[in-house]
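J.: Working from the sequences, and respecting the hints, build out all of it.
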Amino acid sequence: MAEPAVLLGNETVVEAKYNYSSVEVSWLFSAIAIGSIVGTFFAVKFTHSHGLRKVFTTFGFITATATVLTPLAADSGYAWLIVTRLCQGFSFAITFPVMGVITSHWSPLTQSGTFLTVLNCCFQTGPLFTMPISGFFCTSSFGWTAVYYAHALCTYLAFVVFYCFYRDQPSQHGCVSEAELAAIREGKSEGHGEKQPIPFRAILSSLPIWGVWMSYFGCMVGVNLFIQFGPTYLNKVLNYDLQNTGLAGATPYIISAVLKVLAGPVSDYATCVSQKVRVVIFTLVSQGVPTACLLTLAFLPDGAHTAGFLCYLVAITAFGMTPLSSIKSGQLVASQHAHFVMAVSAFLNSLIVLLLPTMVTSLAPENTSGQPAEWTKTPPQPQQRVFAVKESEVNLTARLDMGHLQ
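The opening residue of the sequence shown carries number 1 in our numbering; numbering runs sequentially from there.
Note that these hints are calculated values from the structure, not bench results. Because the structure is a prediction, the values reported are computed rather than measured. Cβ atoms here follow ideal geometry from the backbone N, Cα and C, with glycine treated the same way. Check each hint, because a few of them may be wrong.
Only pairs whose alpha carbons sit at most 20 angstroms apart, straight line, appear in this in silico SDA-like list of lysine to any residue [to be verified]: (1) K236 to G303; (2) K45 to P132; (3) K236 to P132; (4) K236 to I34; (5) K236 to T110; (6) K188 to F165; (7) K54 to T65; (8) K188 to L332; (9) K45 to T110; (10) K54 to Q169; (11) K45 to I34; (12) K236 to D302; (13) K45 to S335; (14) K188 to P132; (15) K236 to L247; (16) K276 to P208; (17) K45 to F61; (18) K45 to Q336; (19) K236 to F217; (20) K236 to V23.
Restraint-style ranges between C-beta atoms, simulated for each label pair [stated by the list, open to error]: (21) P132 to A304: 50 to 60 angstroms; (22) D75 to L204: 44 to 54 angstroms; (23) P197 to S171: 35 to 45 angstroms; (24) G303 to P265: 35 to 45 angstroms.
T.: Below is the structure:
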């Protein structure tokens with residue numbers, strides 16, 4: 001066996017101590033999804049019963065501890081590495097309910113879009129921080145273990161700050177004035193923010209909520225394709241070296257985060273059209289544009305590196321509008337029960353994360369642009385074509401269903 005390994009995206013960036021097969025690598029990514037599926041149930045239950053402040057901090061410390069133990073787990077054996085990945089996935093499950101709870105409790109109704117976009121920026125700022133830092137450490141004398149120690153330290157500090165400043169209700173926070181409290185409560189029901197039983201039957205029988213989940217599922221198919229295999233695409237297909245893969249991979253997330261924050265107020269205050277029309281427009285942008293980019297990537301000839309990177313950039317940027325489409329719609333429809341709707345969304349995302357690596361590994365085990373799609377019994381075609389068609393089908397269904405939201 002060789003030396004310890006670290007993965008950038010789905011790519012081994014240093015010589016591996018354990019010569020993991022493609023199946024073992026897929027399970028390392030699938031473990032995140034399995035942990036998240038399990039964690040979803042605990043996130044909903046404990047957030048509802050114990051409050052977000054304590055539960056979110058606990059989940060944060062779990063992921064930080066799992067991260068700092070990852071190098072030791074890698075040295076101890078593959079099974080221990082799987083355990084740390086399961087713990088990281090378990091703690092990730094609370095991410096979506098957190099967005100729903102904070103927006104529901106702390107946001108005025110007229111600013112829900114802005115709140116959601118700012119909170120959802122974690123999906124841009126995370127890769128924006130991780131990709132360049134990981135690329136730097138993995139190609140420096142610090143070594144790959146420094147990637148995990150640095151991320152764990154930042155995670156511990158972030159959750160300590162969160163616990164010190166956050167309160168479950170605006171009325172419990174000493175820095176919130178009566179005027180601010182009145183603005184937050186305006187237009188909300190009397191019992192809003194208080195613990196209430198979750199109306200499972202009403203939510204599960206709501207067509208708008210099912211439209212939200214279908215739309216979100218379609219979006220996450222494309223998002224996870226780029227998150228998990230974007231670095232591989234940049235490195236193997238566009239031929240970026242490891243250092244530039246990290247920098248190029250971070251660029252779309254910078255642009256997406258900026259545009260997302262700018263678009264939030266537009267979603268809230270563009271009252272020239274109804275709230276429903278605004279949601280549908282942002283749904284078309286967040287899913288129609290990436291679908292077109294994926295289809296373009298599928299048919300680009302080998303060597304079209306500039307066009308490939310532009311499609312990669314535009315798709316990720318457009319995906320950044322998701323908080324203003326399906327996520328905002330779920331928030332508006334479910335109101336104080338949005339954390340349950342978001343938890344189901346997290347569950348759907350976990351299923352995609354679980355299944356996607358296996359699909360890609362089976363279709364393109366060598367991660368090259370000319371892998372044959374064996375199951376079609378056709379000549380070699382670019383691997384992206386399969387996923388572009390699937391993304392197109394799912395997004396079309398989601399957009400049509402979103403058009404019926406009331």
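J.: Now tell me, hint by hint, if it's right for this structure.
T.: Hints, one by one, checked against the model:
1. K236 to G303: With Cα atoms ~12 angstroms apart, K236 and G303 stay inside 20 angstroms; holds.
2. K45 to P132: Since the Cα atoms of K45 and P132 sit roughly 36 angstroms apart, the hinted pair is violated (cutoff 20 angstroms).
3. K236 to P132: holds, 18 angstroms
4. K236 to I34: Violated, because 28 angstroms separates the two Cα atoms, which is more than 20 angstroms.
5. K236 to T110: violated, 45 angstroms
6. K188 to F165: Violated. K188 to F165 sits at ~24 angstroms, over the 20 angstroms cutoff.
7. K54 to T65: holds, 17 angstroms
8. K188 to L332: holds, 11 angstroms
9. K45 to T110: The hint is violated at about 29 angstroms.
10. K54 to Q169: holds, 13 angstroms
11. K45 to I34: Holds, because 18 angstroms separates the two Cα atoms, which is no more than 20 angstroms.
12. K236 to D302: Roughly 12 angstroms between the alpha carbons, so the hint for K236 and D302 holds.
13. K45 to S335: holds, 18 angstroms
14. K188 to P132: violated, 43 angstroms
15. K236 to L247: holds, 15 angstroms
16. K276 to P208: holds, 11 angstroms
17. K45 to F61: At roughly 18 angstroms apart (the allowed maximum being 20 angstroms), F61 and K45 satisfy the hint.
18. K45 to Q336: holds, 15 angstroms
19. K236 to F217: violated, 27 angstroms
20. K236 to V23: holds, 19 angstroms
21. P132 to A304: 50 to 60 angstroms: At roughly 26 angstroms between Cβ atoms, A304 and P132 fall outside 50 to 60 angstroms, so the hint is violated.
22. D75 to L204: 44 to 54 angstroms: About 46 angstroms separates the Cβ atoms of D75 and L204, which means 44 to 54 angstroms holds.
23. P197 to S171: 35 to 45 angstroms: Since the Cβ atoms of P197 and S171 sit about 22 angstroms apart, the hinted range of 35 to 45 angstroms is violated.
24. G303 to P265: 35 to 45 angstroms: holds, 42 angstroms
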